[in-house]
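Participant: Chains as they are written, first to last, in our numbering: chain A, 1 to 528; chain B, 529 to 824.
Some hints here could point you the wrong way.
Claimed, not checked - Once the Cα atoms are required to be at most 27 angstroms apart in a straight line, the calculated DSSO-like pairs of lysine-lysine come out as:
no.	chain 1	residue 1	chain 2	residue 2
1	B	801	B	633
2	B	554	A	250
3	A	277	A	184
4	A	161	A	277
5	A	354	A	399
6	A	184	A	101
7	A	354	A	275
8	B	554	A	260
9	A	143	A	171
10	A	145	A	184
11	B	551	A	171
12	A	260	B	813
13	A	471	A	41
14	A	499	A	470
15	A	455	A	499
16	A	41	A	104
17	A	161	A	250
18	A	470	A	41
19	B	813	A	399
20	A	260	B	551
21	A	41	A	475
22	B	554	A	171
23	B	808	A	260
24	A	402	A	437
25	A	250	B	551
If you're looking for bench data, these hints aren't it; they were derived computationally from the structure.
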Amino acid sequence: MKKLLLICVLFSSINTFAQQGNLSGDLMMSMNFFQRDTNIKASGNPLYDNLLSGGEGWLGLRYSGNGFTGTVRFDGFNNSNLQKPTSALTAAGIGMFSLSKEYKNMTITAGHIYDQIGSGIIFRAYEDRGLLIDNALFGMHLKYKINNNLTAKGFTGQTKKLFERYNPVIKGANIEGDLDLGQKAHITPGIGVVNRTMDQASMDYVVATINAMPLADRFAPTYNNLAATFYNTLNYGDFSWYVEAATKSKEAMLYNTNFKNLAGTVLYSTVGFAKAKWGLNASFKHSENFELRTSPKEILLQGIYNWQPIIAQIRPQRLIARYTPPSQFSESGGSISGLLSPNENISINASYTKINSLDTGATLFREVFAEAEIRSVPNFIFHFGAQYLLYNQFIYQQKTNKELYPDVNAITPFMEIIYKINNKKSIRSELQYMNTKQDYGSWAFALLEFNIAPKWSFAVSDMYNIKPNKKQVSKAHHYPNIFIARSVGPHRFTAQYVKQVDGINCTGGVCRYEPAFSGFKLGIISTF
Amino acid sequence: MTFNPKIILGTLLIAILFFACIKEQKPAGIILSPTITFTDSIYTASQIPSAQARVVLVEEATGVHCVNCPAGAAMLRGIKAAYPNRILSAAVYSPFLNYFVAPSKYDFNTQDALDLVTFLGNVDPSKPSAAINRTPAPNNQNNTGNSYFYDRNDWNTSIANFLNTPTPVNLEVSAEFINNAYKLNAKTTFTENVSSDLAISLFVIEDGIIDIQDSTGVEIEDYEHEHVLRKILTPISGLNILETTPIKTKGTVLERTFYFEMPSKVLNKSNAKVLCFIHKVGSDKEVLQVAEIDLP
């Protein structure tokens with residue numbers, strides 16, 4: 001009822017000020033039709049066995065004018081498989097709203113707040129619809145521009161939990177600078193601090209769990225956790241350097257199956273140097289016991305209010321993306337890459353990535369990657385390359401038997417050719433082959449896409465388990481995909497028939513296991 | 529109005545330092561030191577006794593404001609009467625439907641009760657429900673929200689199943705009051721080889737507490753609360769026994785002698801009893817044998 005009143009107030013404001021402001025919005029809807037397929041294990045849950053269809057949608061409206069911004073979003077889930085791919089979620093309501101006013105260097109926001117400190121290591125409230133992550137902070141946020149070089153902000157609230165909230169309270173502050181150092185150098189330093197205070201019910205759970213542990217392992221848990229960070233970006237001519245160092249106080253953390261009282265640290269840095277024809281980039285991260293949740297009771301993607309940058313690069317190739325490494329709360333790794341463009345028709349990129357576990361010293365991830373893009377043939381773009389990877393499936397996918405799930409060693413050559421028929425029409429094809437003896441074995445992937453800009457897009461693809469590992473799969477399967485997209489002005493309609501192998505789905509270094517999918521998908525995206 | 533950046537920065541730093549220096553008090557209910565001491569005596573029996581009849585442990589989740597709980601308690605009394613001396617129980621007053629409010633005289637809540645339901649299945653179950661020999665069942669999660677706690681409609685069948693299962697351990701307890709402390713001897717005799725890791729647990733329970741109890745459509749002012757869990761003397765997961773002996777062979781006898789004081793929660797010492805039971809540890813928590821003794 002309160003939310004309804006608030007929305008009425010918001011829209012009455014919109015009516016009053018509509019002539020002076022701007023009203024915009026966006027719609028995103030998707031619909032899934034589940035087609036049972038026992039061969040690829042797309043079965044054995046209510047979605048495939050009984051419900052047969054489901055979907056979700058978001059409608060966002062935003063009004064801004066006179067320094068005022070009001071945002072409201074309706075979220076609806078009807079037998080949706082988005083939260084947990086094996087069960088249906090049905091819920092609807094106001095997914096978020098916020099009211100914001102900028103006045104004399106001060107911006108005041110109340111409602112659902114999306115923001116971060118630094119790169120997000122100690123605080124990040126964001127939305128990722130692909131994994132149904134929406135950990136907006138519900139509360140108040142103040143931002144004050146002290147002068148042209150310095151901005152301060154403070155916030156407090158609770159982390160969003162679908163249409164509810166986690167009970168612990170989060171508060172934080174951040175000061176960020178923006179300074180020129182002479183003619184060439186520019187820095188943007190910042191410091192931030194975030195405090196989480198657990199609620200009584202969460203603490204009761206923690207106490208009860210600790211009391212069940214052997215006496216020697218027990219400890220006195222704290223309601224409060226404090227995390228602090230310092231970060232800076234330095235730009236000097238063609239050189240750029242970002243560094244962030246963060247620490248957090250001791251708190252109860254779920255470590256394997258028990259609680260441990262652990263403090264944590266993160267050191268993260270990226271360095272880049274770019275000239276007209278070549279460039280170098282390197283990144284490094286050392287993360288020890290660093291994970292921030294509303295309470296240690298929460299697992300998987302629940303209750304997380306920070307985010308850790310990932311060292312490994314996220315590759316768009318379908319087969320390579322199957323083994324994207326998520327951030328671990330204790331890991332050490334680095335990556336270096338070089339780009340060479342001797343002329344405008346050729347660019348070559350090569351990189352190496354190494355990530356190890358800090359707990360056990362185990363090898364987590366290795367990647368050697370090289371690619372080239374050639375544009376010298378008229379109307380053609382050739383893109384080809386290869387990747388070698390080592391992926392610790394036992395740790396990344398939380399398997400229980402290392403012998404059954406050894407490290408995945410794979411070599412994947414790939415090729416992409418784009419042919420521009422004319423200014424509007426183009427054909428794109430992709431070929432990939434992943435050679436591995438582990439997990440499901442070797443894969444082949446082919447895609448053919450025909451585009452008529454800006455209205456139509458057609459694509460067919462197939463992923464085939466060409467040399468299956470019989471320890472994991474009984475026989476080879478095809479995973480076809482037929483896709484059509486139609487754009488009409490600001491509206492984009494999509495339809496596709498999909499068979500998708502089970503595996504890890506990652507977005508921005510955050511991953512979850514998703515079972516196989518089989519069926520039809522319809523989608524609409526629209527902005528106004 | 530203008531602000532000096534140094535003042536804002538300094539204020540923030542002072543606030544951080546101030547906050548970082550504040551030390552929290554320990555949360556209520558945390559147990560960091562042992563509440564009980566004991567000594568062990570281990571030997572081999574000259575003659576292996578015959579196996580005792582199995583006694584079943586029922587941990588009944590209940591609450592003062594649970595209107596169906598008096599009926600649940602009556603049902604449990606009926607089952608006990610049908611199988612005399614074969615069922616022992618503790619009434620676990622965990623927080624759900626058990627908030628303390630006037631005109632109730634006594635607060636039946638204990639941290640141990642919450643610890644116990646959390647230890648068994650992470651959730652305070654719906655009530656009335658009961659853990660039976662600490663064995664989970666597939667339907668329990670849907671029925672009560674806790675895989676270890678059975679809906680009352682399942683009590684009779686589940687208890688009867690256990691009564692027909694032999695136990696590999698005999699358990700005898702005795703107690704005396706010496707030097708203002710209680711000395712309790714628990715004698716465990718293995719009548720079969722046992723390879724599981726085992727532990728022993730002690731509950732102090734109290735009978736005969738007269739106080740208000742909600743019931744269907746009526747508030748019972750003089751309800752007699754029985755077998756009320758007052759204190760778990762051992763760690764929630766139990767105290768390991770014979771942990772260095774992978775296979776406890778037939779004929780092995782462990783006499784563990786405990787020393788403890790009467791928990792402050794107990795209202796009337798003459799109504800206090802100790803429930804003592806031997807159980808498995810780890811993911812399998814099955815209770816193998818239970819005994820009960822009045823405290824002198």
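Participant: Each hint needs a verdict: does it hold in this structure or not?
Facilitator: Hints and how they fare:
no. : hint          : result
1   : B/801 / B/633 : 22 angstroms, holds
2   : B/554 / A/250 : 14 angstroms, holds
3   : A/277 / A/184 : 21 angstroms, holds
4   : A/161 / A/277 : 48 angstroms, violated
5   : A/354 / A/399 : 21 angstroms, holds
6   : A/184 / A/101 : 35 angstroms, violated
7   : A/354 / A/275 : 26 angstroms, holds
8   : B/554 / A/260 : 16 angstroms, holds
9   : A/143 / A/171 : 14 angstroms, holds
10  : A/145 / A/184 : 24 angstroms, holds
11  : B/551 / A/171 : 18 angstroms, holds
12  : A/260 / B/813 : 23 angstroms, holds
13  : A/471 / A/41  : 16 angstroms, holds
14  : A/499 / A/470 : 20 angstroms, holds
15  : A/455 / A/499 : 25 angstroms, holds
16  : A/41 / A/104  : 59 angstroms, violated
17  : A/161 / A/250 : 25 angstroms, holds
18  : A/470 / A/41  : 16 angstroms, holds
19  : B/813 / A/399 : 24 angstroms, holds
20  : A/260 / B/551 : 19 angstroms, holds
21  : A/41 / A/475  : 13 angstroms, holds
22  : B/554 / A/171 : 22 angstroms, holds
23  : B/808 / A/260 : 24 angstroms, holds
24  : A/402 / A/437 : 15 angstroms, holds
25  : A/250 / B/551 : 12 angstroms, holds
In summary, the structure is inconsistent with hints 4, 6 and 16 from the numbered list given earlier, while agreeing with the others.
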